[in-house]
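So the chains spell out like this:
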Amino acid sequence: MGREQIVVGLEIGTSKVCAVVGETRGDGTIRILGVGQAPSRGVRKGEIVDFETAGKCIREALVDAEEKSDVMIGSVYLGVTGSHISGFNNRGAVNIPEDRDEIFDEDFEDVQASAREVSIPAPNMFVHSILQHYYVDGQDGVLNPIGMCGRKLEADFHIIHGVATRIKNSVRCVKEVGPEVLDVVFNPLAAAQVVLDQNQKSLGAIVVDMGGGTMDYIVYVDGAVKQSGALAIGGDHITNDISLGLRIPMAKAEKLKVEEGSVILGNARPGETIVLKDETGFAGKAVEREMLNTIIHCRVRESFELLKKRLDEENYLQFLGAGMMLTGGCSLLKGINHLAEEVFGLPVHVTHAQTVSGLTSAFENPQFSTAIGLIKYAEAMQPAQPVGLFKSLFKRIPFLGLW
Amino acid sequence: MIQLHRNQSSTRDVRIKIVGLGGAGSNVLDRLLLDGIQNAELVAINTDAQALAGSVVTEKVQLGRTTTRGLGAGGDPEVGYAAAEEGIEEVRRALEGAQMVFLCVGLGGGTGSGAARIVASLAREQHALVVAFATLPFDFEGKRRRAQADEALGALQRYADVVIHFENERMGDAVAPLAGIQEAFAMADQTLSQSVRAITGLVRRRGLVQIGFDELATALRGGGESGAHCVFGYGEAEGDNRAHEALARALKNPLMDKGRMLEDARNILVNVAGGPGMTLNEVQILMEEFNRHISDQSRLLFGASVDPALGQRMCVTILSAVDGEVPANVELRPRPATRVESSPASVPPSAPPPRVAEPAPVLRVVERETEPEPEEQPAPRPAVREAVAAVARESAPIFAEPAVEPEVAPPAPKAASKEKPTLAKQEQMLFEPVTRGRFEKSEPTIVDGQDLDVPTFLRRNVKVK
Numbered sequence: 053m054g055r056e057q058i059v060v061g062l063e064i065g066t067s068k069v070c071a072v073v074g075e076t077r078g079d080g081t082i083r084i085l086g087v088g089q090a091p092s093r094g095v096r097k098g099e100i101v102d103f104e105t106a107g108k109c110i111r112e113a114l115v116d117a118e119e120k121s122d123v124m125i126g127s128v129y130l131g132v133t134g135s136h137i138s139g140f141n142n143r144g145a146v147n148i149p150e151d152r153d154e155i156f157d158e159d160f161e162d163v164q165a166s167a168r169e170v171s172i173p174a175p176n177m178f179v180h181s182i183l184q185h186y187y188v189d190g191q192d193g194v195l196n197p198i199g200m201c202g203r204k205l206e207a208d209f210h211i212i213h214g215v216a217t218r219i220k221n222s223v224r225c226v227k228e229v230g231p232e233v234l235d236v237v238f239n240p241l242a243a244a245q246v247v248l249d250q251n252q253k254s255l256g257a258i259v260v261d262m263g264g265g266t267m268d269y270i271v272y273v274d275g276a277v278k279q280s281g282a283l284a285i286g287g288d289h290i291t292n293d294i295s296l297g298l299r300i301p302m303a304k305a306e307k308l309k310v311e312e313g314s315v316i317l318g319n320a321r322p323g324e325t326i327v328l329k330d331e332t333g334f335a336g337k338a339v340e341r342e343m344l345n346t347i348i349h350c351r352v353r354e355s356f357e358l359l360k361k362r363l364d365e366e367n368y369l370q371f372l373g374a375g376m377m378l379t380g381g382c383s384l385l386k387g388i389n390h391l392a393e394e395v396f397g398l399p400v401h402v403t404h405a406q407t408v409s410g411l412t413s414a415f416e417n418p419q420f421s422t423a424i425g426l427i428k429y430a431e432a433m434q435p436a437q438p439v440g441l442f443k444s445l446f447k448r449i450p451f452l453g454l455w
Numbered sequence: 004m005i006q007l008h009r010n011q012s013s014t015r016d017v018r019i020k021i022v023g024l025g026g027a028g029s030n031v032l033d034r035l036l037l038d039g040i041q042n043a044e045l046v047a048i049n050t051d052a053q054a055l056a057g058s059v060v061t062e063k064v065q066l067g068r069t070t071t072r073g074l075g076a077g078g079d080p081e082v083g084y085a086a087a088e089e090g091i092e093e094v095r096r097a098l099e100g101a102q103m104v105f106l107c108v109g110l111g112g113g114t115g116s117g118a119a120r121i122v123a124s125l126a127r128e129q130h131a132l133v134v135a136f137a138t139l140p141f142d143f144e145g146k147r148r149r150a151q152a153d154e155a156l157g158a159l160q161r162y163a164d165v166v167i168h169f170e171n172e173r174m175g176d177a178v179a180p181l182a183g184i185q186e187a188f189a190m191a192d193q194t195l196s197q198s199v200r201a202i203t204g205l206v207r208r209r210g211l212v213q214i215g216f217d218e219l220a221t222a223l224r225g226g227g228e229s230g231a232h233c234v235f236g237y238g239e240a241e242g243d244n245r246a247h248e249a250l251a252r253a254l255k256n257p258l259m260d261k262g263r264m265l266e267d268a269r270n271i272l273v274n275v276a277g278g279p280g281m282t283l284n285e286v287q288i289l290m291e292e293f294n295r296h297i298s299d300q301s302r303l304l305f306g307a308s309v310d311p312a313l314g315q316r317m318c319v320t321i322l323s324a325v326d327g328e329v330p331a332n333v334e335l336r337p338r339p340a341t342r343v344e345s346s347p348a349s350v351p352p353s354a355p356p357p358r359v360a361e362p363a364p365v366l367r368v369v370e371r372e373t374e375p376e377p378e379e380q381p382a383p384r385p386a387v388r389e390a391v392a393a394v395a396r397e398s399a400p401i402f403a404e405p406a407v408e409p410e411v412a413p414p415a416p417k418a419a420s421k422e423k424p425t426l427a428k429q430e431q432m433l434f435e436p437v438t439r440g441r442f443e444k445s446e447p448t449i450v451d452g453q454d455l456d457v458p459t460f461l462r463r464n465v466k467v468k
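Chains A and B, in that order, give the protein sequences.
Counted from 1, the first sequence has number 205 at position 153 by the numbering used here; the numbering is strictly sequential.
Counted from 1, the second sequence has number 31 at position 28 by the numbering used here; the numbering is strictly sequential.
To be clear, the hints were calculated from the coordinates, so they are not data collected in a lab.
Please note: incorrect hints may appear among the correct ones.
For lysine to aspartate or glutamate, the following DMTMM-like pairs were computed, each having C-alpha atoms within a straight-line distance of at most 25 Å [as the list claims (entries may be wrong)]:
(1) K220/A x E446/B
(2) K360/A x D454/B
(3) K466/B x E394/A
(4) K108/A x E446/B
(5) K466/B x E311/A
(6) K466/B x E357/A
(7) K466/B x E291/B
(8) K466/B x E340/A
(9) K360/A x E446/B
(10) K255/B x E394/A
(11) K466/B x E312/A
(12) K337/A x D299/B
(13) K466/B x E324/A
(14) K278/A x E394/A
(15) K360/A x D451/B
(16) K68/A x E443/B
(17) K204/A x D153/A
(18) K304/A x E443/B
(19) K466/B x E172/B
(20) K68/A x E104/A
(21) K361/A x D454/B
(22) K307/A x E443/B
(23) K278/A x D451/B
(24) K68/A x E446/B
(25) K68/A x E416/A
(26) K108/A x E443/B
(27) K361/A x E446/B
(28) K361/A x D451/B
FRET-style restraints, in silico, Cβ to Cβ [said to hold, decoys possible]:
(29) I449/B x E228/A: 27 to 35 Å
(30) E186/B x N367/A: 32 to 40 Å
(31) H247/B x R321/A: 21 to 29 Å
(32) T282/B x V327/A: 40 to 48 Å
(33) V327/A x E128/B: 54 to 62 Å
No experiment lies behind these values; they were computed from the predicted model shown.
Think of the CB as a built atom: it goes at the ideal place given N, C-alpha and C, for glycine as much as any other residue.
Could you put the whole structure together from the sequences, leaning on the hints where they help?
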């Protein structure tokens, strides 16, 4: 039994900021102790646009989390997203020096550094280098080359990068509030840790997190991350569309979307209307259900089609045996899995965090998949043996199986 | 406008003449003969003697013996008009006795565009019901032809009872892009032929549920007076699933736009025909499926008939007119009306279709008036002046009716050129300013040149009632 550790995952989203406090045990399981959240203002499309306001919301969420879990939060794992973050694949290679032919740990770092020697746009910084495969002397399918003999070690990495200033903004914002940021994680990567199990990762799967400001995605093929990215379209856009199309204020539009929204066309009886209640209880405006659904359908379909276009560029869609997992707030829209199935031609499941225990209401809510995933990611980054925390974080030897 | 005294029982005995005017018109006639048409007389009218000689139709009229001398109108509607005027008597004789005249013409060139209005008005004079089938040129044929075609269409709409117009461009969509140009044009002929046969069939067949002329005309007129965009679909199928197949084929017709246009149509005419083996169930299936494509507001005119000649086939004809944007440069010129009524001999040369100086939209016609020509005419041409004045006054040139206006001739042309036509571009008008709502202050998400913050349904012009 490993050491138990308290880990906090913080996600600064467009519609809400949430902090999830969890307990990791060395054996890979996680227990959720408490979830704190606060409505998010000052964040648009996944990125902070109003520093001060966002800071206030973060504080609110953290305080809420501390109260609910009865834990003092000193450090967090921060999730980031935004359309500026993208991923690509690159191969790093390193020659084993002549004086030995066994492969050691240093070689991994060298290989990783070599993979990073690719030009990313000047304002960008690396967020992740995720290992995909090893090749020893050209041999494919090597899972763990430590101790193997070889002259040349190569590895394929999936490299995720984003604009440095924006990422640092988020980090600074959290630091201003108080806690330390232990690591910065790209949201869909975190979500995938709790939404997909190992089997699904080997079969091939895509996780799409449809949040308030962005649609993040990550593609696994044969157990390795092959493609990832974020589109700056989200639930906010749907609400905006509804608000403009039906001419109602944003708050009402949001409520309408959540309570009555559906992506399916042709389901409503012709002329069926929804009556919007006023605060005072008097019946307010009446909107046609079909109109509402049409607006939502158009927007969601377009988003899916854009995503499909991106996926078609790399052409991994055909290798996704386990299909698509939809999570995030927007996945709660009625009928969205059918629309996704139609657009992508894959089996689509609306899911939430799996393989966690503890507060059920938290992990069964797809809105918290990312935050919970951050905890799982943190846990995966920690070694099984109790070693000094900081040292292990930076010297972690990446085994394929754990990703 | 149309005489409504056609009794249903004698529908079948109606004398129908199908007139093919100009080169395209003759092609349609040839196609009709090929496809087979019964109980209708075909008349080919052309300026080009060679084309006439090559046509398989028996009754032919050559226009403009002295004007064009058998050489064709050279793509100039004015020449076509003049030639038609010369041959007016022959045309009149050819149309005699017809109760229904189907006029097939390809607009944009010389003979068709120029003569169509004359033929149509001659048929009207005889109290025949005039149904015109016109094609509009492909985009690649150039702007000038298009402009001529639009002008001729407008004129035709005034003289025919019903005008069904098809854009060649749309029919080109139905043909594979790598297909030869012959195929593209042949497609146009085919569609026209199909529609002529469909309507003839409608009129001829002894229907179980009859559709009368007035209903036909209502459906094809659309609601407004400003002319409508025609929607036509014809599908035929046999076999087990023929009801479904026939409807699918009808909807696949490029002029139907997969049924999308039907949603806007107000009156839709549907005729289902089959051999004696057609069952009620099949008709129901077809109509139920069809009903899904139309709005609740539209009026459905349903006709059904049994025709032993169809054998195993089941066919459905869908006809409607959608109130739509008239091409902005359509102007209805009442001048030719006065032309035909008065004696043909006193035709001043500036009467025929306005010379298309350049393809600028509405301004074009108005500009014409600034040329000194009208002023040179002697005063007793009040119709012309009034038309000019009326056009100048209302910048919306939909009805340039010869209103009873006092003579304002000299200042009118100048006023005309100063007035800005408000009807410049009618195509894509967003009814609200392009707004990004909540995203006003954030960085726009631009993908493939589109600003994704603007609602999708606005950008795609999806109809949200």
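Of all the hints numbered above, which does this structure not satisfy? Sort the numbers upward. none
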